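Protein chains: 4
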Amino acid sequence: MAEIVEAYTSSIGADARLVEYDIQASIAHARMLGRRSIITKKDADLIIRGLEEIADEWLSGEFTLRPELEDVHMNVETRLTAKIGAVAGRLHTARSRNDQIATDTRLYAMSACADAIGSLIRLQSSLLDLAEANASVIMPGYTHLQRAQPVLFAHHLLAYVQMFDRDAQRFAFAHGMMDALPLGAGALAGVPYPIDRQSVADELSVSNVIANSLDAVSDRDFVADYIYAATLAMVHVSRLAEELILWSSAEFAFIRIPDAFATGSSIMPQKKNADVAELARGRTGRTIGGLVNILTTLKGLPLTYNRDLQEDKPALFDTEDVLLPTLEVFAEMLPKVTINADRMAAAAVANYSLATDIADYLAHKGLPFRDAHETVGKLVRLAESKGVELGELPLADYERMSPLFEKDVLKIDAKASVSARDVPGGTAPKRVQSELRRNRKRIQGYLQPVGAQPPVPVSKKGTNSRSAKPRTKKK
Amino acid sequence: MAEIVEAYTSSIGADARLVEYDIQASIAHARMLGRRSIITKKDADLIIRGLEEIADEWLSGEFTLRPELEDVHMNVETRLTAKIGAVAGRLHTARSRNDQIATDTRLYAMSACADAIGSLIRLQSSLLDLAEANASVIMPGYTHLQRAQPVLFAHHLLAYVQMFDRDAQRFAFAHGMMDALPLGAGALAGVPYPIDRQSVADELSVSNVIANSLDAVSDRDFVADYIYAATLAMVHVSRLAEELILWSSAEFAFIRIPDAFATGSSIMPQKKNADVAELARGRTGRTIGGLVNILTTLKGLPLTYNRDLQEDKPALFDTEDVLLPTLEVFAEMLPKVTINADRMAAAAVANYSLATDIADYLAHKGLPFRDAHETVGKLVRLAESKGVELGELPLADYERMSPLFEKDVLKIDAKASVSARDVPGGTAPKRVQSELRRNRKRIQGYLQPVGAQPPVPVSKKGTNSRSAKPRTKKK
Amino acid sequence: MAEIVEAYTSSIGADARLVEYDIQASIAHARMLGRRSIITKKDADLIIRGLEEIADEWLSGEFTLRPELEDVHMNVETRLTAKIGAVAGRLHTARSRNDQIATDTRLYAMSACADAIGSLIRLQSSLLDLAEANASVIMPGYTHLQRAQPVLFAHHLLAYVQMFDRDAQRFAFAHGMMDALPLGAGALAGVPYPIDRQSVADELSVSNVIANSLDAVSDRDFVADYIYAATLAMVHVSRLAEELILWSSAEFAFIRIPDAFATGSSIMPQKKNADVAELARGRTGRTIGGLVNILTTLKGLPLTYNRDLQEDKPALFDTEDVLLPTLEVFAEMLPKVTINADRMAAAAVANYSLATDIADYLAHKGLPFRDAHETVGKLVRLAESKGVELGELPLADYERMSPLFEKDVLKIDAKASVSARDVPGGTAPKRVQSELRRNRKRIQGYLQPVGAQPPVPVSKKGTNSRSAKPRTKKK
Amino acid sequence: MAEIVEAYTSSIGADARLVEYDIQASIAHARMLGRRSIITKKDADLIIRGLEEIADEWLSGEFTLRPELEDVHMNVETRLTAKIGAVAGRLHTARSRNDQIATDTRLYAMSACADAIGSLIRLQSSLLDLAEANASVIMPGYTHLQRAQPVLFAHHLLAYVQMFDRDAQRFAFAHGMMDALPLGAGALAGVPYPIDRQSVADELSVSNVIANSLDAVSDRDFVADYIYAATLAMVHVSRLAEELILWSSAEFAFIRIPDAFATGSSIMPQKKNADVAELARGRTGRTIGGLVNILTTLKGLPLTYNRDLQEDKPALFDTEDVLLPTLEVFAEMLPKVTINADRMAAAAVANYSLATDIADYLAHKGLPFRDAHETVGKLVRLAESKGVELGELPLADYERMSPLFEKDVLKIDAKASVSARDVPGGTAPKRVQSELRRNRKRIQGYLQPVGAQPPVPVSKKGTNSRSAKPRTKKK
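Residue numbers (our numbering), protein chains in the order written: chain A, 81 to 555; chain B, 81 to 555; chain C, 81 to 555; chain D, 81 to 555.
Derived by calculation from the structure, the hints in this document are not laboratory data.
It should be emphasised that the depicted structure is a prediction, and the values quoted were computed from it without experimental measurement.
Wrong hints could be hidden among the right ones.
Because identical chains cannot be distinguished in the list, a pair is counted as satisfied if it fits within a single copy or across any two copies.
Unchecked claim - With a Cα cut of at most 27 angstroms, we get these calculated BS3-like pairs of lysine-lysine:
1) 121 <-> 487
2) 495 <-> 352
3) 521 <-> 510
4) 352 <-> 416
In isolation and in its complexed conformation, chain A is listed as follows:
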């Protein structure tokens, strides 16, 4: 093969992340071949021991991939041959690189789902930390970026907890969808040996075997599923990032990004650029692009394996490399954000944000809501013409607008407003407290995805260890 072609077609860069999974799958395959007497027990043991040594060599850095050996499979087999001789050639019985690479990539992606769920839980935990620490802070709720009604800051943060919970459920679903073994599909049609696919699946902690061999080697839906879940999670991060950027502007001045998470200007030391938030927002574009990449690559591809599919891995890895560090850095940053509660509170009642409460006051007294709405509109116009807020109008002005107004209307303030919204999902303090507790408890018992999904092994690792040199779990 020409050198330019070798460089063009090489997958060694991406393959390094798969070494652990490739060896694990080979060990399980060899053990099964021995069990089924497709190769002798002795050959199987030789092969397994050799592979285990190679796994150790990989961890220690002794075994590295050689580009001229094309891919991870040939690298491992070549190393195995060097160790145990021609018997290494029996390992490739009853399999093909097509079902092998599909298996490796699935094992990787399943682990990536577990890591993403773990990181999402840590991020939710941080949001709860910040919410709990500021449980009584009131801020303006916005529609159209206009102040609309007061809400608890904790209630606002809980909206993001909900989003990230949905993201975790998407990863749990994706995990369930990819939890099936391609190995045994051979090149594309199945293999002419009495293999036991389920036992290989069991050894690899995979739940099912894929029901159709052609599908097994040509399906990359699971890569799209991962990237989609990651992309929506990043979209949620980007919404939070946008708000952090707004809130830390001089105009809002609701929060202060901790120094360790902002770049400043040596000349304007008060300036705290929310760089982490801006980068997260920017990198969201990368994941949307990654989703387009995998979907476009799959579109119109005839069965079964085509070399286009080699491109699934860069898309998968790129996306993971955006997602996990983003979730981790936000989880670190959020609890350290400083809140300017006074400024939030003042903004919460400015700009006639209690107008709806006053309309509800009238509606409670029997006025049809549309009429109440109209009456309060007049009241606000009056206040505006006088250059005051509603609470600064004398009672007489209220009474002139409607005989239903009584002295207690003047008691409507931000606290009363939020307390009044005492419905499931509402911003009333006791509802928010209850939601904080519910979510904390949910997270403590780890994620139980809706619909009784098979429990997902939530990763407790701090970051993706797979992007670095992977660790092999010993059996």
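Guided by the hints, dock chains B, C and D onto chain A, whose structure is given.
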């Protein structure tokens, strides 16, 4: 408002599809308001009766939307006021257009998921029809669009059944994720009335209420979930479409697209363009674009409702208008495709497609697979140099390559090849038969999504009735 | 053809926009056929007269498209046959629907480019109106959404004039790229008649003929070029939209969106939602999606015409229907925006925004810039600790930081700051004035695209007339 | 800054590609500062000499980037300070990292455009080589992947030459659009020093200075322009790739991919997978994704510099790393492809591909084309019923269909068919010869983009040297 602005901001075009859901939700809301004595029982009854009449008027075409009334909500309320007077103004108590539109869109999307699942099942059924009718046909299995090994045509079709089953599961999951009620969130913070959200959910056949009011009015994840599921389904269709186009080319000539599904040339009557397949392949791009649209629109959007979100509906409706007709036309077309079994069978054994089987023959006799591989490589080169297929070589040529070859090697043909792949997921006829039966049974009992998802009401409708004037289900 | 297939494959909806161009091209084709004696002069005249009548009938609404006649071409030919009999059949000599539809779409797209340029110029003109009316207003310039340095508001608006100028140049380039005639390519290989392609091009005001017949019928790059130019223009609009939304928030309060361009709340009359800006920002996603659509559709398509290409028109039309109204509504809105100059000015000097100027003051006196930077950092920290702005510090504080400070340092204010940036492209008032004049003049003389592109017929129409029933230009 | 934040925000990986450009720009800036006496001539010389040494150290590998110094600018400045002391701090006078990074990226992108044009020209040259070497080969022309009319293989290849020529023009346009200097914009507002921007531009071989300082630091359109041009070029490659894959299938068997460019199967030596073509097709998805990435990142971004913009470089570099190697490997591969002319020729006349020619025969004799069309349709149906091709029908059969048929109708063969299409852009051999010559000449004189663009310095390098350690051009 300036006319140019009215035109620019109008959502009336899209809103027409939501009328049914808007009225249903209003009826449930009014009934709850009465039950909770937030409005009088009498007022509630008046409102409900009025709304039911409007639903009838909508079906009969008597009630139509007026653009100058801005949106579906104001159109219905205006009509209601004309019917029952000022009491209509009480309907808007304890709600807002923000939670209303979120509710309408979710109800629509849930129904759209059910329709998609129904159409996917019909398409799977058609694939099974075609597979069963050609159960013994052998075709070449391809990798890299090169003939690799013989497979059953039915086995090939079953790969698509698997893909569309996954798609149905994605829609079932999306359905489960969107199965929660926004109503009661009010403008954004909850409402100051003793509402009973769960009872409204129950009446609307929605399982849960959304746990956070800010999330309720700003979340459009469920639109992305629908579009993602639809996009991947279209990607699968595009793969099938590509194969139909290839197979109906003069070069392959494996199938003939029925006249009713192809355009011809009046001058070349034998020419059957697979237009339906080409358009489906082309329209896949539209759904990928729609996914980018919704994700990009959501990216970086601060909470809660922003007018950008109005764009969720064109994206949702466009995608549905691509997906459902595509699934339906493929379901119609596939069983009518004519198969050229002889040509497929001949192609299946040409180009040394049985070489792997012969290597497996040697491996079965104890040769390490890598060595078996190499030996057969030499055999093929010999055959090639003689310009014959492997089966045309005399036994002596085999024997010269390896002493392990015996007379029975000559019995390896396409049928033997497929039969030998007798493993779960393999192409052996009895395995394929079993898969055909399993899938037929699965479909007959309707889809039971994996992981014990809540049962999804699979739609039995032929096509999307929501895109046309919708029918209101009477309570 | 089955009804479901007819519905699935129909292009009548999109074709309506092409009727004018189809007839124009047919007239030019017929005239050339007559001139070249491929058909008789008499037949040509009959055909031309018939087509001109059909064009009139189309404008008057007398001629409408019938879906059962498949496409625009067959509709026109059928109508022509009804008018002039079998001689109509001679019109299709030396052409095919493949080169016809490519021609129609190019003519449409060329006109769409001219319209886009016209709309971009009107928008630039509005930006200049707003800038000129507020020529001396100073606002904070932002980096990272943090106040950084004062700039003229007019200077800020001129940044958008530059962006939209680039967009116009992209459309001019796209126009130049598509300005070539497919007609004469026949089905794909050219035609066996002595046609004169250039004369047809001339009659249609097209500059060149396409140099390769296969390319002529399979190329849809020009659709991508249009959509790309439109998408980037929408991205620019979305940046401006974001700023309008920010500026009209209570926190910024820099501008007030005119009532005619905002929705309010009947209950909070002071609330002005920047709906137009939000929708424009949201619809940007649609154009990015449209770009993905056309690129994905073209990817991997073998030559020449494939039915997938029918999808080019919805993508093109959708994009145009987003772009033109957006540009028009912004052009209407911008000059009517009210500026809060005082608030902008106050914000421009708050938050130590003049710190860089003071560092430059020191650097001018010979301190290396890095040292000056550091000194001013200390000064700002001092002011911050005292809770004052830099201008509120006594001279003694300055002098303590550096002996280079003299009394004139206290004269540094926003006006001095902007005036000092007196370099090409800088915000100094005289530079901005000069840029306002240059751009006004450029626009008045209409766009002269860079690089001496062939002059583009800038459209002076207010909006796209092509999306409505088109007008035929009579020869 | 926290370590996790440093890792998250670091741009060092991408910055390595910019070192050369950063130093070049600094040298030009320093020289201008000295010329304008903003710093002393002596200081300027010291700085310039120091920078030139750093450039050499970079090339020799002595100078490398240290992540803890944040970015390329601080790395260079720190190194400079180590070399020449505090005077290094004067280099940053009258500039900012904001205009610096914009300048570096533009210089890189301009060079990338030149490289892309060079690679496109080499690819066109290879297409011409292949076409000229097979100038008389006839193949079937396809519509809908159905054989339609015979065309010259060279004519087919020339369609791609046209596409790649348009791509080169897009890069030339993009080059022209980005050919303007940001330096002098400072942080965002211009600088308060009497700088001479044009002289810096001249030294850097940049044509213009950017007319608005805010635009200068926030504009990344040029990155989108590069990626768009690259994406469309990859889409064209993907179309060619699809055809190569089809043509090298057993079913088509039109070409044979040279061994050096295909992977085979050790067991099926005749199998030649068109891996290079498959990977190129797959990687097209990556570039479409990259385009989505940059557009989505820019959408809705307020002025001026935001950290999101740091993501422009990975998008730009990724795209270049896909494009250039793809163009190069295709340029290498194409001339080595083996053509099966006999098989192509046989296919060209099969399936009644000459039917249109026979209709044209009748039309030439005066029959309206529509009637001719219908007559030949009947003739084909007759042939089909007899199981023969048209040329195998006896003259009597022709005569029975129409009295206009005479003996010469039997002379219509593939060669006659292509020769008859003797119009500009047609497939007639002399037209194709002329196009081959025209394109060869165009390429030999290098690309002269349409519309008299400023001449673009076409790169003659074999591949992108910028992705490796860059070479600094000495002044």
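Original post:
Of the hints given before, which are not true for this structure?
Top reply: 1
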